[in-house]
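Need the complex rebuilt from these two chains, each delivered in its own frame; the hints are there to steer you.
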Amino acid sequence: MKRRKFFKQTAGAGLLSGLLPLSIRVNDDPVNLGKRSNDHWEQMGKGKIGIPKRQKTVQYDVAVIGAGMAGISAAVASARNGAKTVLINDRPVLGGNASSEIRVTVNGVQSLQNKHRVERETGIIEEMLIDNWYFNPQESYPVWDHVVYDYVSQQSNLDIMLNTQAIDAVMHDSGTIKSAICWQLTTETAFTINAKYFIDCSGDGLLAATAGAEYRTGREARSEFDESFAPEVADGWQMGATLMMITKDMEKPMPYYPPSFMIPYQAEKAHDRKINQFKEGYWWVELGSDDDIIADQETNRHKLMGYMHGVWNYIKNSGEFPEADNLVLDWVGSLPGRRESRRFMGDYILTQKDMETYKHFEDAIGYGGWSLDEHNPGGIENLSEPPSYFHDRFNKPYEVPFRSLYSKNIKNLMFAGRNVSVTHIALSSTRIQGTCALMGQAVGTAAALCLSHQLSPRMLAQNNIDLLQEQLLRDDVYIPNRPSRDPKDLARQCQVIFGDSTATGDAKLLLDGISRDEIDQIHHWSSSSKPAQLQLEWLEAQPISEVLIKADTNLQRKIMMHKNPDKNEEQILAVPPELVRELVLEARVAGAWKEIAQLSDNRRRMIKLSFAPVQTSALRIKFKDTWGADQVKIYEVRCYS
Amino acid sequence: MLFIRSVILVIISFWGSAPGQWTDAAGPDIKTIAVTVDHPALEDGPEEMSLRQVFEGGASSYFFLEVESVLCADHICKVVPVRLFWDNYGRYKRYELEPGVELEKGEGLPFEKEDYEQLDRILANEESALRELSYADITQTKVHGEVDAMSGATALILSDQESIEGATWTCFTLWHWVHGEMKNKIREAYALTLEQRQLREMLDSKEEEMKLFAYESLAYREDLEEDTEWALLAQAPRLTLEEARIICTAQAKWPLDFRVQLSQSLLTNPAEAVRLISLETIDKNEQEEEFKPLLFDHLETISSLPEADKVLNILGRYGPLMSTEVDAMQEILKEKDLLITRRLFYFLQNQKLSASQQSVMDDFYRQNSHYL
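Sequence order for the protein chains is A and B.
So for the first sequence, my numbering puts the first residue at 1; every next one is plus one.
So for the second sequence, my numbering puts the first residue at 1001; every next one is plus one.
Be aware that one or more of the hints could be misleading.
[Unchecked claim] DSS-like mimics (lysine-lysine), calculated; alpha carbons at most 30 Å apart, straight line:
| # | chain 1 | residue 1 | chain 2 | residue 2 |
| --- | --- | --- | --- | --- |
| 1 | A | LYS508 | A | LYS558 |
| 2 | A | LYS624 | A | LYS508 |
| 3 | A | LYS115 | B | LYS1105 |
| 4 | B | LYS1352 | A | LYS594 |
| 5 | B | LYS1284 | A | LYS530 |
| 6 | A | LYS115 | B | LYS1113 |
| 7 | A | LYS274 | B | LYS1105 |
| 8 | B | LYS1093 | A | LYS115 |
| 9 | B | LYS1336 | A | LYS508 |
| 10 | A | LYS508 | B | LYS1284 |
| 11 | B | LYS1336 | A | LYS558 |
| 12 | A | LYS622 | B | LYS1093 |
| 13 | B | LYS1253 | A | LYS624 |
Calculated directly from the structure, the hints in this document are not laboratory data.
Next comes chain B alone, as it looks inside the complex (with noise of 0.2 Å):
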């Protein structure tokens, strides 16, 4: 009797749903959708499982997925059925069992409420050593004082926070569901229900989470709306390293006078690193000579060696220059500091020069050959 009254208090303090309500698996709201993911303790590879994406008013409002308590080579173990929920970013939310079944721990014993409420804490921590661990890890992990004859060393790894006395596979299994492929497919799941317009709004969220969810599935699509261009290019100057990252690395799939026009933007981030990423991702485009009139500009504008650097690798590439783009460099390099001006100086080394440019260069070298 003892055992059932505390069940049912970790229902009610858990999983916010009365006893006996085990949330539909089908309906008018519920979506399944098919997904092949894998697991560590998957003896034979990745498996196809039926991810539920639950709708209310109709927009997506969480996910949740069916999985075996344990997943246990030695089929000694009891295995129950969990539901886990993750939000639409695929965030854990909770896990549910159905009514009057109890998760166990060694040697039968059923979970006490402490156990249930620390397998929610276990599971809700992104960051626990149970990510490291594989399934032979788990087979030879000392936890909580039991003598590991096998490993013959301390296979000591997780903490008594991080695991549950006796049901270490437990944790083990239910965390890697919830915190391993199945978070970037909730997310593309998502991502597919939601229209450019609806990404667009969350582009100026104060969540980063959901900025970054935003960047990522715009990334994703090819045939970008104008409104859409339009807000990357009022974002791009403030972007971060990472949103820069996830833009820069989906720029190849975009129009040539967007990607320009995108680039001519993140050059006038303020972050050094973010206009860097840009440089590669200009780099990359090699022959591409409709982003030269905007490496000429930046290259006024530059008050660092390693862009300095990037801009003429790639300006060197586009072949001899121009006179009168010898003429705007040579403006440079009386007014850079001599960490550019040298590279500066360098790269006008191999031009074909003027009469005039030569005396130019001449007079560069009078002045810092010491530093040449």
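Chain A with its partners taken away, still in its complex shape (with noise of 0.2 Å):
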């Protein structure tokens, strides 16, 4: 791969960047945001004059920054898991790259090259696709915005400030970060959110950059991680950023009429960017950075706008696509979708070869499994050579370690999303937006444990990995290669588990600690038919009050939205079918049973029942009914006192 030429950044100040690792200075001496002496404001319902006094300092466990699909995995992850939560985000919706202002589709592990085409990520990002298509099944982006924000705002011990950048870091004289200080635009009011641990989701992460996290962006040398797709002097390339668009038939002739900021596209120049569709824009409308690419969002900003209408106004006007005659943009970004800019360091920093030798870490916390897609930054900029480098694919997930998303300076600072500790390399398949929610997940929960035990991210990682790897998989995140061992699981204690009736698998294989089907290894049992019961027998009487099901929802099937429809081709524009949508749970107390638990229109796959404490010998859990499956198929059954 030749390096770019075009940038007019010199070669010596990318070297610099990548070999280097920048460090910031500490802000000891944060700019009060609040501060105001000039107002002049006559209240005439008050009758008075006087200044607005909007400075708030605010207290909580956990202080998330960035709403992506990382940002929310962690705040609701932390929230459940008992600590008292923010998640502050700079726009006014939640989402990120996969909102309504960018459409992003949610993507995950899929194109492996085995029988499990697609290795889906369950979990916070599972449910929240799953409630999409509940709430949301005419694939409108503005309303899964609103699904995002109802699933998000229904979590007790979470708060959500939307319309709030975090712009500083206040530190402790230990190194730690004290505080976020924040500005919401909306309400003109700057906050003091103090914080035990901070999550920083934000993808450019600013938080962590002023906190003097270190950081690094460019490409690494070859050499230093003996990464065979990286190049072989370290330089400052960055994915860049791409601006979308959905279009619509009117039936009948349209013209169309580019605005002034349109920049003419190139056809006969590009590279590999076909036009084989017209329904949702062309992710090579991208621009990236030899340099600085933050400093350079808002000149490729306007850029993007103006090729976007480019590539739009040779399909409307150049005569090559009278398909395209009838069609009209509907919806347009203005917010670039970004891939890449800052890689905070951590205690590990997971590389391609870790990746394409499926690497096993004693403290995996998720996984991978995208191509390594490594975007040209040069973009539409750069027409003679490829937008994207698709170098290499995998057979099956990849493991990614909890050492990868906690600062190796900043005690309680951590992160998710595309600003982990990876190579640039490694995050061309890490960035992935199904990726980075099981990062965020495991953030969270990794706060909320930090919290209750009274540890550092690092002693988590390096003494009690197993009490997150534990949470985690009873939270129905699958780790690659750690099975559940979870010795509170008193189904585990059980001495028979049976079915009425067994189509495929065993009832056994539920308490095997895996809770998916992996390649020719079955971890699920089906009925042969619904309603179908399973029953959890004990010698001795045992105190439970909860009850958790994984279920399934079919995790080889696709289930993200699309802005194009013909990429549902597949997918199922629904609840999945095989989820259990109805269930009953008994328990056997002096000999009779007796319903403990119900659950009717369940969206969940992991299902958690919880209810008074019972002393029993037996459980009974009589499925109902699916979401339209003949079969109940369930991948693990776990009980708690």
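Printed below as a string of structure tokens:
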């Protein structure tokens, strides 16, 4: 791969940023953003003249910055696991790259070279995606924003702050972050957010950077981590941002008049930029940077808007695409979806080699599997090269270690998403939103565990990683090569588990700690019909107040929403039909079966039934219905006191 | 000239027939069977096709079907006829081209020798990732480093071993004919040519595929010959789970007295999963009391809770127990492990008991109250 020549920045600058970790001065004198003195505010209702005092200090256990799929997963996981949490987002809607503002498809592990082409992410990300089919089968992006808002805002223990940007860090003398200084633009309020743990999922990572967390930008040299797809010499290459669009058919010929900022598309010079659909824009309408991509964002945005219209102008007015005569632009992006900027350094830097050798990490917390898909930062200004180099693909998921998700030099700082501790080449795969969401759930869970056990993330990684892994597995995250062995799970102590019929699998497999089928390894029980039931039997009575069930949602089928309806083929545009919809839980007390919990219209793969403690030697789960399937398929049953 | 030589080489090395030969599509030993089959690339749904069954020495020997090399929506592909061959069990054997006809890759290039070999290997792989691909996938699939601008993402699915550069369409089309619905059509057609005597002989085969085929074929038949019934009864104690499933699913169409005997025989199978399937089948019979004695007999031999639970659930539907039946069950209370006897105890609690029978229950309760 040739290094691009058209960037104006010197090679020396790029080389420097690639080789030397940039260290930012720790800000020990933050600007007091809310201090006002010159207002002359005559408040007619009160009949007074005054000065607005809009400074607030709030206290949380965990502050999550950035509400893309990673930040949302982090915040929800943190709150669910008991930490008082705030989710701070600098946009008016939740969702980040997936939101209606940007509309990047929520991709995950797919296109594996194996029997499992898709190895879908479970846990929080899946809950949101299934909710979307329940509330938004019409695939409206603005409605998706509200589906996500509904999902997050109903979580207890969690506050949302929108239109709020964390712009500075206040540090303790010990070198940990004390506060995030935030500006909420809609209320003109300066917030000082005090928290014990900070999680930066903002992508660009301004808070983490101002705290002095070590980070890198650009590409590592091939020799540093023995990465075959890395350049021989480090450089500033950062993958770009994209503007998308959506069209609609007016069923009659429609003209297109481009805006004044349109930049003509030079189709004859374009390399590998096919126009073979007209519905959802083109991911290669993209611009990156060879130096300081954050500084370039607004310049790039303006140009991308021009290039996007340039491509559409070519489609509509070149005469090459009569099939687009009736089409018009229905939605155009104004906020580019970003792929890369800062990568914060953790105790471990995940590399291409780790991923391609499927390295096993004792501190694995999740997985990825998107191909090594390295976009060309020149993007649409570098038409002679392909828009992306699809270097390689994976046979199975690779593991992501927890040590890549906390700062090596700021003790109470974690991160998830595209700004984590991976090499540039590794990022070309880990940046995918499904993978980012798994990282988010891991750090959110970690923050809550650190809080309850009074640990730093590093201590959690080094001495207590089982705590984190077991909680993630309990909460329906899949960690390759790490079956659950939760000693608190009473189901594992039962003498017998059996179903009233078995079509495939075996009820005993529901206790093996792996809650999905792996390639050539079955971990499920499926009834031959519905309704169906499972029974667990202990010799002695057990005190039980919670039952967890991991049901089937078909993890080998894609589930995300698309801008282009053609991509829905093979997907089911509804709650997965395999999923259990209705069930009753019974306990045997003094020889008689007694209903202790029931559920209807279930939308969760992880079904959590909580009830008043019952002392029982047998439980019976009656699966009454699914969302369509004729059989009931289950992957795990757990019981807790 | 070079390319002619390579084609001849391929013909000799693969198809086992001399150049210029193309298996006859009609003749006294060839039966034409009209079948309606679907294929993921057929836009208008299933089509009727002519499957050929070839007989040798009076017996079915193999099947073949003539298809188009590519089902291609945009009609830009070169299409040639291809013959696909299966054995009697629907297993892929080989493919044939008409003499002088060649397959084509992208940009009009003819197949090389290695491409023909590769195609044969792809078609022989029943587990190919091609199974999971849809027609739309192919249009979006990036293989062999070709960039696909439509998906904007890595729609990378096929390994280089599972496709031929520039001929993914052909691989996809032919693979789905070979491993799609045609397999069952062939098995059905072959089964129709066999007598029960021949199927009975297959039951003793060492080849599992043949045995499964025989069970499947018998499962379609409503009128079993007496010898077939005897053969199934003899096999029942050693059936695998897969075989037992086939037989149990078929039971509803067979006479009651044979079903009772077959159930009795299946309940002696050493595999618990097979016994449970048999009990599930009895469970579906609901009120047929003919099964009651064998359930009581089975209760005496039971060693697992799932079986005991199933048996008691079925017996519970026959109404209150007779006193002698209670006595028999109470004997079991003294013998089995606690998980089973506890289930039995709860079952008997709801029966009408004599004073002495109640006394047995009281004794059991005293001895095991910690577990009840």
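Sort out which numbered hints this structure fails and list those numbers smallest first. 11 and 12
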